[in-house]
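Student: Chains as they are written, first to last, in the numbering used here: chain A, 1 to 268; chain B, 1001 to 1263.
Please note: incorrect hints may appear among the correct ones.
What the hints assert, rightly or not - Derived, one-sided and incomplete: chain A residues facing chain B with beta-carbon distance under 8 Å:
#1 V6
#2 V9
#3 T10
#4 T14
#5 S17
#6 S18
#7 E21
#8 V26
#9 E27
#10 K154
#11 P165
#12 T170
#13 C172
For the record, the hints were derived by calculation from the structure and aren't laboratory data. Note that this is a predicted model, so its numbers are computed, not measured. Cβ atoms here follow ideal geometry from the backbone N, Cα and C, with glycine treated the same way.
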Amino acid sequence: MAKTSVTDVTSAITVVSSLIEYVGTVEFPEALVRTMQALVPHDSSLVLGAAKGGAPVMLTEQMGKEERPSFYGPYLSGAYMLAPGYRTAQDTDFSGIGLLRDIFPGDMKTSKYFYAYWGHTGMIDELFQFVRLNNDRVIWICSGRYEHSRPFRKSELDLIGMVEPMIRETVCRHWNERPFDPDDLQDVAPDHDRFRQSLDNFGAGSLSPREHEVCQLLLRGHSSKSAARMLDISPETERVHRRRVYGKLNVSSQVEVMTRFMTVLTEQ
Amino acid sequence: MTDASGAIEVASLLIARVGVAGFSGALMDVMTTLIPNTVPVILATEAKGAPVLLASRTSAQERISFNNAYMGGAYLLGPGYRTSQDTDFSGVCLLRDIFPGDIRSSRYFHMYWDATGTSDEMFQFIRLDNDRTIYISLGRPENAPKFRTSDIKALSIVEPIIRESIRSHWNNRAFESGDTQALMPNHDKFRNVLDTFGTDVLSRREAEVCQLLLRGHSSKSAARKLEISPETERIHRRRVYSKLYASSQVEVMAKFMATLVKA
């Protein structure tokens, strides 16, 4: 993790302004990562894009060597379908800066288990910026910190929050008129439609429609409380459905449901 | 507008217009939102070239005076043009920062530069590649208050956003004026008139002093430039006045403008 960082708004503005000249050039994605790194130092950078309902496209990455195999492995092999970044990109129209705890719908303790499945084993904190492009496309920039670093501080969030409009407009200006161009076809998920179908149909053979809805939410990380809010039912009722889901799928926890889903994806 | 995040939000909108038709209009919108109650004029020059009017929000009446006076040659003496040519200053400043003389006399000079009653003026200078420069003037109308420190702060904080957007937009683009009248066919002739003004009657030292007083320098600042005492400068200055049949700095300027028109 880079040690130096900017601490005042004036320097932050200067740093982000130097990104403007890269708009429309092939170096833009890397320059974007450099800019984020200078604003809030971190260990892992990832810029992803997706069309509405589409697979994530990796636009650039600079991640640790421990994280990389799991990104190109489990994540692009379908785990992205449940990841909070991808879900926020697809299920909401949120635009701006958020930490994992802001976009993760469940208990943060659960997120640790989830991270294990996404392969981000050593990740302790992750900062996201979502940028909405034209034609229902979205970009999300992920800046992650590993175990040996510290979580993001409020002062860091405030600082990046100040220059968020500059990053947003620069990213829009670059990608609005440009297709997402991965360097390598490996960087997109070719089985996306199959993944989507597996997710939509997961457990549908044995679950009632209501249980199926609950199952979809718990796959996405929702706690009982937040799933209940989504479905407009009481947490107690949610827990009843949830226990039936566990029983019918022969599992004993939310994390196990998730494992089950990942197994289904891999077996196909 | 003094709130930094508000200013950033406003200036960021300019980024969306880089390389797009309507950039100048967006630039003027951003400038007047950041610094309200101003009339923006965007000018550009190549190295040693004439100014090109890229866009402005002056009234029709002001535009006529601007074309006649400023574009009629007075730009050669204007602090904006002079700063773009004689220095490599980049950033935001007020008229009083770049006007070399007593700022009280700048009002009289304004009458000659652009024939407007502008009460105060703020500038941003942007250096492009290949010795090209853009300078933006934000003029306060006659009865409006002068700029305050908070005004210059509001523009200074987002100066890098505006600078880099402008550089991205114009670095690989020709300067095109919407108004062909605003192009300067006589620039070389004007430069020649300025360089040789009074040289038929003035000594070499007097001609140097005359060049500085045409640019608005006070005795003090001209003396500093020439590395002589203000008293000595005043002696030269009086000789210049008398040889040119003028009784003040402003009259010397008026003489110069008259020579330009006849040239």
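Student: What hint numbers does the structure not satisfy?
Tutor: 1, 8, 9 and 10
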